[in-house]
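*Asks:* Here are the chains, one letter per residue:
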Amino acid sequence: MSLKLNRRKFLAGTAAVASTAAFPMPSIAQSAPVKIGLLCDKTGALAEGGFQMEQGVTAYLKSKNMTLAGRKVDFVVADTGSSPAITKTKAQELVERDKVNIILGPLAAFEMFAISDYIVQTKTPTLCLAGADDLTQRKPNPFLTRCSATSSQAEHVMGDYAAKVMGLKRVVCLDFDFAFGYEQQGGFQQVFEDNGGKVLQKVWAPLGTPDFTPFIAQIQACDGVHQGFAGAAPVKFMKQYADTGLKLPVCGGETAGDDALLPRFGDEAIGLVNACPYTIDLKNDANDKFKAMMDKEYQAIPGFYAASMYVSVQVVEAALHALNGDLSKPEQTIKALRAVSLKDTVRGPLRFDHFGNAVGNMFVRKIVKQGGKLTNVTQKTYENCGQFWPYDEAKYLAQPAYSRDYPPVKT
Amino acid sequence: MIPPRLFVLALALAALIAVPWWVPGDYYISVSSQILIYAIFALGVDVLIGYAGLVSLGHAGLFGLASYAVAAALAGGSSQFGAVVLALAVALLGTAVFAALSLRATGIGFIMITLALGQIMWGLAYRWVDVTNGDNGVGVAARPMPFGLDLEIASNFYFATLVVFLLALSGAWIFVHSPFGASLKGTRDQPRRMTALGYNVWLIRYFACLFSGLLTAVAGILFVYYTKFISPPTLVLTSSAEVVLMVISGGSGTLLGPIAGAALVVIVKNLASAYIERWNMLLGAIFVAIVVFMPEGLVPGSMRLAQWALKAIRPPLPAGGSPSGKAGAP
Amino acid sequence: MSLWGILAINSVAFGGLLFLLSAGFSLIFGLMRIPNLTHGSMFMLGGYVGASLYMTWHLPFWLAALGAAAVVAVFGGVIERLLLRRLSGSILAQVLVTLGISFIVADFCLLTWTGDPISPPTPPVLAGGVRAFGLFFSIYRMAIILVACVVAALLWTLLDKTRLGAMIRAGVDDPEMARVVGIRVSRLFTIVFCLGAGLAGFGGIMGAPILSVYPGLDTDMLPLALVVVILGGAGSLLGSLIGSFLIGLVYNFGQAMFPELAYFVLFLPMVLVLALRPQGLFGRQAS
Chain A
1 MSLKLNRRKF LAGTAAVAST AAFPMPSIAQ SAPVKIGLLC DKTGALAEGG FQMEQGVTAY
61 LKSKNMTLAG RKVDFVVADT GSSPAITKTK AQELVERDKV NIILGPLAAF EMFAISDYIV
121 QTKTPTLCLA GADDLTQRKP NPFLTRCSAT SSQAEHVMGD YAAKVMGLKR VVCLDFDFAF
181 GYEQQGGFQQ VFEDNGGKVL QKVWAPLGTP DFTPFIAQIQ ACDGVHQGFA GAAPVKFMKQ
241 YADTGLKLPV CGGETAGDDA LLPRFGDEAI GLVNACPYTI DLKNDANDKF KAMMDKEYQA
301 IPGFYAASMY VSVQVVEAAL HALNGDLSKP EQTIKALRAV SLKDTVRGPL RFDHFGNAVG
361 NMFVRKIVKQ GGKLTNVTQK TYENCGQFWP YDEAKYLAQP AYSRDYPPVK T
Chain B
1 MIPPRLFVLA LALAALIAVP WWVPGDYYIS VSSQILIYAI FALGVDVLIG YAGLVSLGHA
61 GLFGLASYAV AAALAGGSSQ FGAVVLALAV ALLGTAVFAA LSLRATGIGF IMITLALGQI
121 MWGLAYRWVD VTNGDNGVGV AARPMPFGLD LEIASNFYFA TLVVFLLALS GAWIFVHSPF
181 GASLKGTRDQ PRRMTALGYN VWLIRYFACL FSGLLTAVAG ILFVYYTKFI SPPTLVLTSS
241 AEVVLMVISG GSGTLLGPIA GAALVVIVKN LASAYIERWN MLLGAIFVAI VVFMPEGLVP
301 GSMRLAQWAL KAIRPPLPAG GSPSGKAGAP
Chain C
1 MSLWGILAIN SVAFGGLLFL LSAGFSLIFG LMRIPNLTHG SMFMLGGYVG ASLYMTWHLP
61 FWLAALGAAA VVAVFGGVIE RLLLRRLSGS ILAQVLVTLG ISFIVADFCL LTWTGDPISP
121 PTPPVLAGGV RAFGLFFSIY RMAIILVACV VAALLWTLLD KTRLGAMIRA GVDDPEMARV
181 VGIRVSRLFT IVFCLGAGLA GFGGIMGAPI LSVYPGLDTD MLPLALVVVI LGGAGSLLGS
241 LIGSFLIGLV YNFGQAMFPE LAYFVLFLPM VLVLALRPQG LFGRQAS
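Protein chains in written order, with the numbering used here: chain A, 1 to 411; chain B, 1 to 330; chain C, 1 to 287.
This is chain A alone, in the form it adopts within the complex:
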């Protein structure tokens, strides 16, 4: 499967005639191209997600002929190499050298934290994918908008579903021993236990673990397993889980059953329940168009990463319309971005809360085999879910941030 993306810089493509005649023409000053920069990993451990992010952005831009709200788009991709230091340098390159108006990405929380202060200092509106909770909660970044979700957002929903629909009562949680893992498991545990469930233990595996068997072996007697592995690990985990002979139901977070990974799972993944802000089987115009585009251009199945970035560009376009194409005042830009409210996106309706985090539908899916292939089938849709769902914002913010030991495992 070869990638067709071998040009780093996409210059404004087709003829200048704007394809959209329904909106007011921008004034002369705004006929300069809009510069959008994407920070993603193209060469390191997270390259898989990075490729998909780039595919998502270019799919949307191509569907609009590289023109948003009447302005041509200059699109630049910067490779973060999964290194915070390089991410910072690349952010500087995008802002200082390429003079981008808007930054998309990055993917990982550690990449985002490396540039958080910088984007505030340079007032660069950013639409990130990184889910680090506190960036839109206790330490909010005023120039950040997030079209994906916080790390715990989908897990709140998973906890609810696991308790109420799957009827699980005693669950063991496994995840990577780092912040994304803590926040996912924390979100799951809180809602799960508030609905009558109990998390018996939380098992943490170091990053880079080749074989999860010693961790799977620690699973005590319970009626279900919850995991939040990301990257290449979800595929590996399900295989190794099956190899231990365990048959307990497994549920997971937004990365555990990512649609883009579906061709890579084996039959051992059938039955995996997972909660995600995007689902491949959502039936609406936007998603149909998106899936067709991804198939035509990249022969790829879109997942959470591609979808989040596709939607991000759509949000940028909507904000551009609202601003009449004027991006010269960053404070206005970020306000317009956060004010965007869309009905028809690839993930359904989307709007933002006052921290800039997405509020939309969360989908609980199950992996099944259809026509000889694995696919996710939505079991339940939770509508209008924000990052604090189902809690009251003030009460949520008053409690400590999810960490390795919070919520604690009650013995």
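Bear in mind the hints are in silico, worked out from the structure with no lab data behind them.
You may find that some hints are simply not true.
Said to hold, decoys possible - If you only want the chain B side, here are some residues facing chain A, beta carbon under 8 Å, derived:
id	residue
1	Gly137
2	Phe229
3	Glu296
Ideal Cβ placement from N, Cα and C applies to all residues, glycine included.
With chain A held as given, fit chains B and C onto it using these hints.
*Replies:* Coordinates of chains B and C only, in the frame set by chain A:
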């Protein structure tokens, strides 16, 4: 008549000082600062690889230790000066322990112990959350303002880094040209003979490790002020490997080699990567090419090529040796 | 009781996998004193090539494994003849060139197979498991143990019992004398390197149904190979075998018994052992 080497060095120095003027923009000034920081780091590692004959695959751990010390001290309310002093002290202490353990072995054993120690530091960065904040990292709110100079400005930070770099380079020069440096090279080349002559080889190597740790700490401190952020990925094994590659590709056992190697890697990673998607492959190919054409390293190799070129263009001396030359007398 | 049972079984199984991973490195380092830092990338390349042969070209698994080993062996041979041959004795240059090649190989794999993980399904004849003594034994993992032992036996036979092995050992101990006696030392070194590379590739595809193949597999596995070889004692095949099972034990039981120290469970013992016995557990005294 200025010897050509000195002339070239003076030219290079002038070019370094003039960077903010001939480099096109703040972004490139920042990259230049980064090159200098990694050059100091590479110098520190070269003290061990080139002059002591000990390859360390764990120096990113010490580098990160200094960075974390600064960040943690600042977060705890310390002054900038206090943070720097604390970081140097902590890093030296860390190096003392590091070296005491690693010097139990030489050769491949040394490499492995340093690798293991580096991995342990990496793991600590993730797990000792009270100090390091785990993988969310620690940010540095503001750079210091020595003598009222605002280091937030790219060119000011560059000059401050340049001063530190020149000091480090001078220190390294004095070190390798001192009697201690000579005895260090002795332990590299003929450890048994040195022992027979009465030198305490272990102690010599130990002090070399401490000096290496000092340079590494200086680089780590500058680094955290540069990125204003430190997190565990900085201490990963590939970072330690990378600085070793800088030293070897530039030319180990020389002072200018590590600088060239640092420049190579930083330029490919940060600048070439903007134009070439497969920059990792490019970097690997460059390393292979260096091994094929200049196995002793970029700097020694270039000097060798330069001497060869000079000899080739200089007119040959006439036979018989005197300028007027009596031709062909049998 | 189930916990300790699973851990015990997996220690042996993981140890078998580690042996397949590290045998090649041990061979090359032990015999040629070359630290082949391309080893992790060769392992990964073998996994990718084998997975393609098995999943895209539908070769039977054993054939795909041999095919992968052959491809990586040829690749190793090319590296040895063109690059490593001229660097003998120069350890730093060897480090530089092998790491440089590993960058190239890793990026090549990313380009060819993209960033998605590839998980070859367990070959049907070895799929599933059996329940006995209240424990579940995954058949494939049991097969790995068997394969590791067979490979170890074959290597030992080759090196200790055949003429080729004798020539190799002669060429390593004293290349000059060996040449005088008429042994083609350079050709032998190429053979050894090919063998070591082929073993790495073989390990990669054999491990793929368990570990999958993904970008970053090389940097995840190389430190493990180094730990096994150094701890077991470089140059000792028996040391590598025992070292593999020992590391398998430490990895499994250590993670379970000291969950707070999961990040350090391999490297703390390694520092301890090396600090006390720098030549490793079975190695000869450092030269």
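*Asks:* Now tell me, hint by hint, if it's right for this structure.
*Replies:* Verification of the supplied hints:
Because the beta carbon of B/Gly137 sits about 5 Å from the nearest beta carbon in chain A, less than 8 Å, this interface hint is met. Residue-level restraint check for B/Phe229 holds (minimum Cβ-Cβ distance to chain A is 5 Å; threshold 8 Å). Because the closest C-beta pair between B/Glu296 and chain A is about 29 Å apart, greater than 8 Å, the hint is violated.
Taken one by one, the earlier hints fail for this structure only at number 3.
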